[in-house]
Each structure stands twice: as structure tokens, then as C-alpha cells.
Amino acid sequence: MKQKKVETIEDALDRISDGDTVLVGGFGFSGIPEKLIDGVCERGLRDLTIVNNSSGAQKLGVAKLLHNGCVGKVICSFPWGRESKIFTDLYEAGKVDLEIVPQGILAERMRAAGAGLGGILSPSGVGTEIAEGKSTHEIDGVEYLIEAALPGDIALVKATKVDPRGNLIYRLASQNMNPVMAMAAKYTIVEADEEVALGDLDPEHIMTAGVFVDRYYVTGRYKPDGWDGAWS
Amino acid sequence: MSDSVRLDRNQIAKRVAAELQDGWLVNLGLGIPTLAVNFIPEGYDVIFHSENGIIGMGPQPADEDVDTDLMSAGKGPVTLIPGAAFVHHADSFAVARGGRLDAAILGAYQVSDNGDFANWRLPNRHVGGIGGAMDIAVGAQQVFVTMSHTDKDGTSKLVENLTYPLTTRACVTKVFTDIAVISVTPEGFVLDEVAPGFTPDDVIAATAARLIVSDSVSTIAA
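Heads up: the sequence lines are chains P and C, in that order.
Numbered per our numbering, the first sequence spans residues 1 to 232.
Numbered per our numbering, the second sequence spans residues 1 to 222.
Honestly, the hints are just simulated from the structure, not real lab data.
This structure is a prediction, so every number in the text was calculated from the model and none was measured.
Don't take every hint at face value.
Unchecked claim - Computed footprint of chain C on chain P, listed as stretches where at least three residues anywhere in the stretch have a Cβ under 8 Å from a Cβ of chain C:
no.	region
1	37 to 51
2	91 to 104
3	114 to 127
Ideal placement from N, C-alpha and C gives every residue a C-beta, glycine not left out.
Build the full structure now, drawing on both the sequences and the hints.
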């Protein structure tokens, strides 16, 4: 059997290089692979293109990568928030580029990449600023934007349970973009709260099949950074 | 307009909530739309969709039951109704673009009389936030906009042509403001209801687009 489990964050991240496109899971406080992000920051990687729903809240997720100077470009749907000014500051200073994408199209461009498609026909954003420079295509009288697939060199994924084949389960709403990111990257790295034995996951309940996972690291369950409310 | 008082946020939310039908699947934007959850008619099974993959959001939990893996798109803690389901982001937006949302209630900076609306970037800002708005507005069966009728300077947010960056073309079906309920029709804006104390002429004066007054114009039950 392929050895997917690694014992250290360093080993988990040994395939990432400067300039890579990195798909990073997470929405709000949930499903963010914080330990892998910490590892990227410690490696001092530079000029990464980061794909996530947002530019990060407080010093969490993408915001942490921005604070640590790892990011050359952000591809996201929501690049500002009341909790974090780091993206806006860097963007306005010309230190980081932005590609803004409607949230559902961001997910769908990654799903297309994972499915081996070149792109999608999108009804979202037709006639808007985000359509500038994009080709359109009409089917049955409806205009669509041609949106390219969005593959990653690397995906950083957070799961709740993993088994030795890399099969994944996510609790509650923590899956968010993680499953499509796992499919869309050439190399998918998972951090999981818990590892279970081979055969312990019900095949009918597996949410991401292990074929989409190259490597996993077991973190144990931890409280999200910056969350000061109730937690169990 | 001496006896007229503009509706507050809760009154707008209550009025838009009265549009929702039993059994509908609905997505709520941030702000006033989120308040609509508090005004669903007794006995109605209205299912709320959250863009981060929750179908069947319930009310806010007690502080001790908050779970960071169970929050709305606005990062507010929520619960689940019996029979709720989780999907990943791509499927969550398939719900939206695929036409499964009976209605979306969204905030806006401007709405034009052909149903275009703007809500993602202020013209004087470099950076805005699209989030899920473009996908949700393009796919929902009905798009209800809640907003104040005018901005702080008294400038109408209902216009002939948007001056703010477009979110989605020709999608808004009805607008719920602090002084009126207005339908978007092939003929343009139609005034259906006025807030208590307001006359149709008051609303016409506050609107920077042609406003057709419905034959059956009524007063909002505030």
C-alpha cells in the first residue's frame, strides 16, 4: 500500500516550492488547515498564488500567509473584511496581485480542474467588471463567460478523519471548499484531526476518496486560532 | 410627510419575510436579510441555505453550544433543523445556479428599473467582495432586495441606470425599502405598497427612476 502518512509537517510539505499555486481550504473559522499553513510560513516560501474563499480573517489562514510574506497573488471571492486589513494594505501598495472570482465559480473552476476539463461556461458575472477580457459563448440564447479551470500545484486540505488510504470525512460544515481542492491539485496534502484504522470508515460515508489524497499528517483536534468563544 | 416614519430594519425584514411561502428554499444575505429569519409565519417550513454548504440552517444556539464548524456565511453561529444536510462548496452553488433556490434576499447599494443591481464594490474603493452574490442572484427564482430607499445624502438607490459596479443583470424581482415595496416588471418599477404615513407621491419624489403606481397600491402592514 502507498505510504501516505507522514510524521512531521516538514515531510508533509516537502513538495511545495516558491511560486506554486496553492489551494487552501477553509471558510470562516472552519476547515482551515492551520498547521500546514504554519509550516508554509516557517519554510519561508515566497510568491505563492493562494486560492481560498477570502483573503483571511484576523491573522488566520490566508491572512497569516500574507503577514509572513509568502503570497504573490490571491485568487478569491471576498478579498476584504472588517477583521483583516493586511490584504488591502499589501494590494494597495502593489505588493500582492488579486484575481476576484464569484464564490461558486471559484469552486466550480476547481471542480472542472479536478475532472480534467479545460473550463466552464458561467452565467455568473456576465456584463460585470469580472467579465472584462474574458470570452463569452451563447447557448440557447443565454450568454456565458468562458472561465478557465483552476488547477493547483498543491492543495492544503483539512479533514476530520483520515484512514491509511487517505479517505476523508469532514465534520459539520467544515468541508466547504476542501473536497474540490483535494481533487483539483496535482498534489494534495491533508491535515486531519484523527486517523482511523483501515476499514473503520464506512465506504458509503467517505466524502473524499483517498485517490485524491497524496499525503496526510495527523494533528489531533485543536481550537481554531483567534476563536475565543465556546469550544469542545 | 409629517406623520410618516421610515420602517426600521426589523420592519423591512418582517415585510420581506411575508413573501416567503411554505416549503421554500431560501438564501439570506447579510444584514437586514438575515433578520427575516425571525419573521417566518408560524407553521411554515421554510428551509434556509447557507453558501458554505448548509441546507437547513436553524436559529442561533446558546453560547455554550456554539460550534466553529457550524456557522453561517456571515460567520454567525447557527444550528440545524431536523433533516438538514451538508454539501461542499461546488454543490452548494449548484443549488443556487441550478435554480433550486425559490428566493434569495440580498442587500444592495443600487437597483435599476430593469432589475440590475449593485452590491459588491463601492465605486471609490479598489477592493470589493463578491462572495456568493453573483451566483445566487443569477440562479434564484426570485431575488428580493432589502435596502434603505435613499442613502445618507437623500440620493435614491432606485435608479434608471446603475452608477455602482454591476453584480447581476436583470435579476431583481422585488425591492423592499424603508418607505415602499416596489416590483420590477417589464414596464419598469411598479409601486405596490407604501409605508404608513407615506403617499405614492412621497415615494415618487424619493425615487430617481420612473415609478408606475399600482392601481391597488396599499399600505405596508408594519
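Hints and how they fare:
For the region 37 to 51 of chain P, the stated coverage by chain C is violated: 0 residues have a C-beta nearer than 8 Å to a C-beta of that chain, whereas at least 3 were required. Coverage of the region 91 to 104 of chain P by chain C holds in this model, with 8 residues showing a Cβ closer than 8 Å to a Cβ of that chain against a need of three. Counting residues of the region 114 to 127 of chain P whose CB lies closer than 8 Å to any CB of chain C gives 5, so the stated coverage by that chain holds, three being the minimum.
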